[in-house]
Amino acid sequence: DGGITQSPKYLFRKEGQNVTLSCEQNLNHDAMYWYRQDPGQGLRLIYYSQIVNDFQKGDIAEGYSVSREKKESFPLTVTSAQKNPTAFYLCASSIRNYNEQFFGPGTRLTVL
Amino acid sequence: SQKIEQNSEALNIQEGKTATLTCNYTNYSPAYLQWYRQDPGRGPVFLLLIRENEKEKRKERLKVTFDTTLKQSLFHITASQPADSATYLCALEEPTGGGNKLTFGTGTQLKVEL
Numbered sequence: 001d002g003g004i005t006q007s008p009k010y011l012f013r014k015e016g017q018n019v020t021l022s023c024e025q026n027l028n029h030d031a032m033y034w035y036r037q038d039p040g041q042g043l044r045l046i047y048y049s050q051i052v053n054d055f056q057k058g059d060i061a062e063g064y065s066v067s068r069e070k071k072e073s074f075p076l077t078v079t080s081a082q083k084n085p086t087a088f089y090l091c092a093s094s095i096r097n098y099n100e101q102f103f104g105p106g107t108r109l110t111v112l
Numbered sequence: 001s002q003k004i005e006q007n008s009e010a011l012n013i014q015e016g017k018t019a020t021l022t023c024n025y026t027n028y029s030p031a032y033l034q035w036y037r038q039d040p041g042r043g044p045v046f047l048l049l050i051r052e053n054e055k056e057k058r059k060e061r062l063k064v065t066f067d068t069t070l071k072q073s074l075f076h077i078t079a080s081q082p083a084d085s086a087t088y089l090c091a092l093e094e095p096t097g098g099g100n101k102l103t104f105g106t107g108t109q110l111k112v113e114l
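Residue numbers (the working numbering), protein chains in the order written: chain R, 1 to 112; chain C, 1 to 114.
Note that these hints are calculated values from the structure, not bench results. Some clues are possibly wrong.
With beta-carbon atoms standing in for the labels, derived distance ranges [said to hold, decoys possible]:
{"no.": "1", "chain 1": "R", "residue 1": "Gly16", "chain 2": "C", "residue 2": "Gln14", "range": "30 to 38 Å"}
{"no.": "2", "chain 1": "C", "residue 1": "Glu54", "chain 2": "R", "residue 2": "Gly16", "range": "17 to 25 Å"}
{"no.": "3", "chain 1": "C", "residue 1": "Leu11", "chain 2": "R", "residue 2": "Asp59", "range": "25 to 33 Å"}
{"no.": "4", "chain 1": "R", "residue 1": "Glu100", "chain 2": "C", "residue 2": "Thr26", "range": "18 to 26 Å"}
Stretch-level coverage of chain R by chain C, calculated; a stretch enters the list once three of its residues show a Cβ under 8 Å from a Cβ in chain C [said to hold, decoys possible]:
{"no.": "5", "segment": "43-50"}
{"no.": "6", "segment": "102-112"}
Since the model is a prediction, treat every value here as computed from it, not as a measurement. All residues carry an ideal CB built from backbone N, CA and C; glycine is no exception.
Taking the hints into account, I'd like the entire structure generated from these sequences.
As structure tokens, this is what we get:
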């Protein structure tokens, strides 16, 4: 089955620790995206990548970092510099220059 | 940057009726606009895309309109069912010179009652 996966579904970390969220897709999509969703708010773009070894900051990139070494993978690291990291994180992918985005199931990160 | 407004209050309707959700934007008119469905604790699922030169788009019981003069899109679900209960998100394209960066609204929660 083709799709986009995120792991883990739930993640707990202590304050001050970096944590990496996984995102993998086997849809052969060029573009990948990371969003953050807080209660009562829309999705906010953290980082996006349109091609391997290239990525751009979204609207709320501070405190986050990404890499895109492989077409299939776009991991997101939430660093200790992110002041309020507890949120629902969503990864998505799309065919470059096409429009529909396919979303993963999300990772709910709780920082204690 | 683009500001998108969707009704923050939940929309409650009776089964069989038509649900109408609104998406208003304030700045430039995007080349296209998309609607997604999101169930609690899950990722959004793409429903429909409408381009700026299209007035209306249909898919089964779904219909989307796009009025660039009013800066508004309407999303209709006809013959609504309890299974249609979810949050519906509107998303607009942001020009980036490549790719499709989207800005999402906060969504409107729809509840279809028996």
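These are the hints, each one checked on the structure:
Under the hint 30 to 38 Å, the C-beta atoms of R:Gly16 and C:Gln14, about 51 Å apart, miss the expected range. Between C:Glu54 and R:Gly16, the C-beta spacing of about 50 Å breaks the proposed range 17 to 25 Å. For the pair C:Leu11 and R:Asp59, the beta carbons lie near 27 Å from each other, so the given range of 25 to 33 Å is met. Checked against the hint of 18 to 26 Å, the pair R:Glu100 and C:Thr26 passes, with Cβ atoms roughly 24 Å apart.
Only residues whose beta carbon comes within less than 8 Å of a beta carbon in chain C count, and the segment 43-50 of chain R has 5; three or more means the coverage holds. Residue count for the segment 102-112 of chain R with a Cβ under 8 Å from a Cβ of chain C: 6. That meets the three needed, and the coverage hint holds.
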